[in-house]
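Participant: Put the two chains together into one complex, using the hints given.
Protein sequences appear in the order of chains A and B.
Quick note, in the numbering used here, the first sequence goes up one by one and the last residue is 384.
Quick note, in the numbering used here, the second sequence goes up one by one and the last residue is 1283.
No wet-lab data here; the hints were simulated from the structure.
Treat the hints with care, as some may be off.
Unchecked claim - Label pairs and their computed distance ranges (CB to CB):
1) B:Ile1197 - A:Ser29: 26 to 36 Å
2) B:Leu1039 - A:Ala283: 47 to 57 Å
3) B:Phe1045 - A:Ala75: 26 to 36 Å
4) B:Leu1039 - A:Asp158: 47 to 57 Å
All of these numbers come straight from a predicted model, not from anything done at the bench.
From the three backbone atoms N, C-alpha and C, an ideal C-beta is built for every residue, glycine too.
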Amino acid sequence: MRSSAASRVLLFLILPLAVPLAGCVRTASPEGWAAPLPTDDGSLLLSLDKGHISSVELSSPSGPAAVQWTFPNDALESDKDLDPKAIYPAPVSTSSAVFVATFAEGLFALDPATGTQIWHRSDLGENIVSAFARTPDGALAVGTSDGWLHLLEPETGDAAAGWPAHGIRLPDGIWATPVATPDSLIVATMGGEVLALDYAAGQPLWESPFKADGAILDLAPLPDDRLFVPSLDGHVYLLDARTGQRIGAIETDHWVWMQPAVSGGKAFFGDLRGDLYALDITAGTLAWHAPSNPGDNLPSMERLKSRPIVTDGTLIVADSAPAVHFLDADTGRRLNRVPIDAKTVRAPLLELDGAALVLATHGKLFLANPDDLSVIQIPFGAAQ
Amino acid sequence: MIGDIFTWVLLDPMINTLVVLNNVFFSSVGLSIIVFTILIRIITFPLTLRQLHQTRAMQAIGPNVQEINKKYSDPRRRQQEIMKAYREAGVNPLGCAGPFALQFPILIALFAAVRITLPQSPEALERLSGHLYSWSYIQHAIPLGTHFLGMDLRTPNIVFVALVALSTFLQTKTTVTPTTDERARAQQQMMTFLMPIMLAFFALNLPSGVSLYWIVSGIVSIGSNVAIYGVPSLRIQPLFPAPQPTTAADESTPAPRSTSSNRPARTTHGPSRSKRKNRRRRS
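Bound conformation, chain B alone (with noise of 0.2 Å):
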């Protein structure tokens, strides 16, 4: 039932899209990969920048999350404080899996189509005829050209294998940000070698068409990384800023926070009290 509905909404309208592409486009697999992805990309890019700008507030708030974790011993106690320190910060904790939970079977769905679009076998071209509308249009393509720039889409590509390592190496680089935290850039540091070489394996396995749909998405992820935090090494600025944080008492003052400090972001008599307040309650 669920794949029914997978295969109805997604797969086969993709497939389909990716055909169409395929005419418009001089009868290039390859083009019609690369204009498809682009489309997808774009079509869900408030879905990531949303995902991004969460995932930075998150960031942005670790250090306060690591002072109550080091101050509260009792686990349930702590929870509230992490809970309510997140919600004076408007983060929601699940902000960034949220979207992705919504890309997650686009992301699939598209791979899915990549690889039924270019049948490796006769008995392919015969499933691929199922998910197919009987438009004319889309009938008269098929099969589909299978080779793009010299190489065929239906066979892993040592060249594709190295542009997906390549491409991701720098698509977890531009997502990477800086922390203070000596785990949290150990984590960045290992994930930023291991994710290349994990697609790269994958890529060694799966056809080159998947591996282009993986190459242009890493593409449009940099630009999109670049566009939302921008590259600070190379004095670049975001075009599209993450929101700072703000809290219940300063929503009338726009947060002055840097999101990279360590400082705690309010006193220890919690954050909604005013500082002029925490002093007469010592005095």
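Isolated chain A (complex conformation) (with noise of 0.2 Å):
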């Protein structure tokens, strides 16, 4: 009897277990990858914590840094009971306000010098991810990740004149960054359309959409009234952004979920493999791909998800280890690496001064100098 009561509070009791425990199997909560922003007071905003977004001064590009304000502001009455969970576009700032568009407290007004909140709107759709941009006008674009489309006039958050008051419903969820040039908004779906629509009222401008085999995670605008479009098929397009047609295209060997950093004519991106490569931006072929491990007696690269930069002909990329890597922008030849004592590096790198200001996930702040091809952190001082 004691076997046979032991097996039943085995079978009974390690099956229940077995849901708690696949619980514990790592999903990724939402931590969020808003790029650095440097404002027009000389301050950064930056996403120091998940759901966070503070302004920071920095005393100089090497630090220290200090804290001015962090929005939400627990201590703050209106504040208190948000939760926006992530923030992963980049703010945007004017002189009368920074916007900062959350993964699930819909989008907020603050005021720059104290970060509180002038006004906000939460019933945009399910949650924003990367898709909000400022347009030339000055009107906010916002793309939500059940389909909605919201272009609001900034000073109010209401819907800009001639826009449906609720948004325009494209048929997939809305995750890449929208394109606004001078005429049109160009925007993409994880349905693998590509879109661009008038400000007047929203209507379609290309004859038909763009459309690509799998889910577009990310869109950015290139030179010469081109548009970079990464795409889950395994390809890189390039559109003309004037008539949404395909100039070229080229095959990735994993995931292209990042915007690119351009220079002399190519545009420089990587992979959730760790490959990176160069697109001629004229002749929409690729320049040069540099794999993951290119035997070159340094560690490999892992996941490539923060956009680089290119200065002085050095290309800088963080990799998901995390780690910085200097390159030859020409060849792709590395010529560094730098591991970084954080967690990993989701957001796009921002250059200052000539070098690259890394921020990792958890609020660590990193400077990459191509000069000698080393990385320092960057310490922060008493809150102001």
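Facilitator: Pasting the structure below:
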């Protein structure tokens, strides 16, 4: 009987245990990857903690950094119940407001001096991933993961004149950052479509939308009215931004989920396997391809999510290891690799006085210097 | 290292199979989970059958073991006698643990596969990319639809929570076997109600996709329990009746014993000795 009871206990206890154990299998919660943004007053807007944005002042490019304000601020009545979970798109900064699109709480207009709320829209749609941009005339374009596209007045957060108050519903979710040209708002969907809409009423401008076989997670403008369109179908497409016509395409080894660095007529980008590519923008062909393990006695490059930068002919990329890699932008030859003490890097790099500002998850800041191929951590001073 | 093997052998194939099934079954991730769960349960059915038969056999010799416990005060001797009783009945005390131990990693991988395939955040989608095979048929399907019957499979749903509780209750009910032992009966009674409550609590905190797996798995379990045990109260006979425990002495003649009987199976002089020999010895 004892063994029978033991086996019964085993059966009945281990079975339900499987559920919480499976729950422990690491599933990534939203953390965000908002790009650092320099503002007109010389400070930086950084997402130092998930779901938060901070105004940070750097005494010099190598620090120390001092936090001026953080939003949401639990000490404020208006903020204490907010749970934005994460911030993916870079904020938009003007002299009168800072606009922050959050994953779970919608869009906020903040006072640039204090970080307090001016207005808030929580009714835009399901989640905002990276689909947030400012149009040339100052309106705010926001896309949501359930396919709603809005064009909003920056002063009030209301729909722009001519646009439906509830936005325009596209057939699939919008994750990619919209491209705002002088004449059109170009959006990409998770269904693999790229379409251009006019600002007046959101009417389609191209004869027909561009259609890829896989979802489009990112979108970026390139010089000469071209568009960078990476798709999960294993291609990066080059489109004419005026017509939506395909100019070229290159095949990639894994998903490309970043905006490229543009320099010298080339677009530089990496994939989630760690390979790097240089695309000739004019010809629409591959200039070079550096595999994740180029056999140069340095450890392989890991997943590349963070947009690289090019400065003085040096391509600087940060991988998920995390490590910062310095490469020759002309050839793709690796010059150095510097591991950094952080969890990972997903936020796009920012060029700062000829160096690269690297924002790691959990708010660690680093400065990668192409002159001596080194990386230093920027310390944080006391909050003001 | 173990994590890598688990991922390579179980988790990645399961995630990719889920995506393929999603493509086959009208881009419905809900249907994909249902079909996938049924497939896994069919594949592991021989293990389930063996486990349930072993459990039933253990229960059948329970009265004998009880008798031995009463009779022998020396723990070592008692253990020897119990082991002997198991051996003679053809029961391995670890018999139900073995098949279950084999199924356990499969179960964990299945749960994990459902969770990973339904990413709740952009970071989770990035993680999913590392599990997918590079076949375009799979890559083009990402991201999968997240709704089934109007419900978001990435978040907990009260309807699924209720169905998890109901299917677990029925599953436990059909697993429970008749026993004359008061303690065992009380234990069974407690499990019948405790299990659904526990699982409903877990389901409240897990994505509905995992709950859907649990519901379908529960329905399949109810079906296999009915097929193996039958439903005596409804006079439904088992399709795969458990083999009766046999002893060395009566291997030539099939066991006549009732599985639920309290009667000691053998005389106190040992199971291998016949009644006639015992009578001779007493005289």
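Participant: Take the hints in turn and mark each one as holding or not.
Facilitator: Here is what the structure says about each hint:
| no. | hint | result |
| --- | --- | --- |
| 1 | B:Ile1197 - A:Ser29: 26 to 36 Å | holds (27 Å) |
| 2 | B:Leu1039 - A:Ala283: 47 to 57 Å | holds (48 Å) |
| 3 | B:Phe1045 - A:Ala75: 26 to 36 Å | violated (59 Å) |
| 4 | B:Leu1039 - A:Asp158: 47 to 57 Å | holds (52 Å) |
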